[in-house]
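S.K.: In case you want the letters, here they are:
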Amino acid sequence: MFRNVAELVEMAEKDNIKIAEVMIRQEVEVSGRSREEVIAQMDHHLSVMERAVERGLEGVVSRSGLTGGDAVRMQCYIEGGRFLSGETILDAVSKAMATNEVNAAMGVICATPTAGAAGVVPGTLFAVKEKLRPTRMEMIEFLFTAGAFGYVVANNASISGAAGGCQAEVGSAAGMAAAALVELAGGTPSQAAEAMAIALKNMLGLVCDPVAGLVEVPCVKRNAMGAANAMIAADMALAGIKSRIPCDEVIEAMYRIGAAMPVALKETAQGGVAATPTGRAIAARIFGASAASK
Amino acid sequence: MKYKSVFDIIGPVMVGPSSSHTAGAVRIGLVARKLFGRKPTWARISFYGSFAETYRGHGTDVAIVAGLLGFDTFDERLPNALEIAQAEGVDVSFSAEEAVPHHPNTARLRIGDDEGELELVGISIGGGKIEIVELNGFALKLSGHHPALLIMHNDRYGTIGAVASVLAKWKINIGHMEVSRKEKGKEALMAIEVDQPLTDDLIQELEQLPNIIQVAKLVD
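If you read the protein sequences in the order shown, they are chains A and B.
All letters in the first sequence, in the order written, are residues 1 to 294 by this note's numbering.
All letters in the second sequence, in the order written, are residues 295 to 514 by this note's numbering.
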């Protein structure tokens, strides 16, 4: 059993195996299920993610009408060819939003690590699919690698916006995706940990301030930027850039920041963009004036 | 370790948008349905706290009715649960209560048909996890951190022992257990928290024991 990222990396390097393999072996041991069953379940979760992205790229609208259609808008922009950054990164942005737009529209998604942060991990995976041409098993391994890093964060800090703000949700997801991207691209376990540290460091302090308490604004666009952050962090780690602060200490810092964060900024819809004049007006339109004045 | 499985992180598969306000609400409805044992013909659902303020936006109302119809958290019919309930002749109504609950995400469900009624209070504690804090007037104190069984039964000698024997046979360890009854010899409730996962085969075996009325499991 690994308790932190240092132990996870050490286990992978000692046996010369992928981080995904460390996670698979631990899951088999803890759950008492067979290796085949554990892999089949992750395969199913991967299929759910694929369908969610497909549906989002067809265009959806939420019940409140606040979100939907931006994933499609971004794909059209990419096709126009006049983009400023890069095609793969914008594809990740589009597919992350696709997933969260489906979530907001009461579609089926796979929480990674939560429903509100469900876009980042699949968004980045399906964006690099064109370039890296992974096998089905390598895509399943991507999710086990992301899961291994998320498992450490969940047990040592938090993956809940109510407990730790958005840094605990989209921040954790960005770190998980960055690490999994590095492993899929052929990087080492320690490079994966560097990527996680770099991604999470740049999400520290991010508050959870959903307008009207709905998982829509700013959540969909936070997933977009979480995916972009993960892609850059993975490229930085693959370039050999290291985080001066070790990954486990960044996770610890995230936990302490979350504990110090005011309750108004932790999923209560009382602060941040939720408390702006427009945010309050939207809440009043959806729930009536009494809810918005609280 | 709070989280034991990789599928706590890459999962669950669920209908959005919120693990606490949607998936958790489905599970509260589903527990009520399992304990009632059949589809009710009517349901009166009261929301408290955050549920009362935001249930429309999160689809908490739709989610609870989906659970009452027997849909799980990942069922694609979930968004249409209100229409499906109406088509199937289930009369549902909702009310937002002003009373301040102990937990912000609280729902009280009264459901029934010509043959009986059931009343349950559930709370959604985050990440899709729920607790049932009251059942048919019985107060429950389950931690919510472990798999748990709720067993409605007749208050007769040997019933508790028989349940414990089945659990022992399946190598399931009991961590916490409480038994309550309204009157000697009448309906009673066992609430049991265990350390190992509970399979459907085990639930079926418990259901076949004498004096057992209904069995429902609450997943960790």
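If you are wondering where the hints come from, they were derived from the structure by calculation, not from laboratory data.
Take these hints with a grain of salt, some might be off.
[To be verified] No farther apart than 20 Å at their CA atoms in a straight line, the calculated lysine to any residue pairs in the SDA-like style are these:
no., chain 1, residue 1, chain 2, residue 2
1, B, Lys298, A, Glu21
2, B, Lys296, A, Thr135
3, B, Lys296, A, Glu252
4, B, Lys296, A, Phe2
5, B, Lys333, B, Lys296
S.K.: So, for every hint listed, does it hold in this structure?
M.R.: Here is what the structure says about each hint:
Between Lys298 of chain B and Glu21 of chain A the CA atoms are separated by roughly 17 Å; this keeps the pair inside 20 Å, and the hint holds. For the hint pairing Lys296 of chain B with Thr135 of chain A, the CA-to-CA distance comes to about 33 Å; that exceeds 20 Å, so the pair is violated. Taken as a hint, the Lys296 of chain B and Glu252 of chain A pair is honoured in the structure, with Cα atoms around 16 Å apart against an allowance of 20 Å. Proposed proximity of Lys296 of chain B and Phe2 of chain A is supported: the alpha carbons are some 14 Å apart, at most 20 Å.
For the given pair, Lys333 of chain B sits about 35 Å from Lys296 of chain B by alpha-carbon distance, which is inconsistent with the 20 Å threshold.
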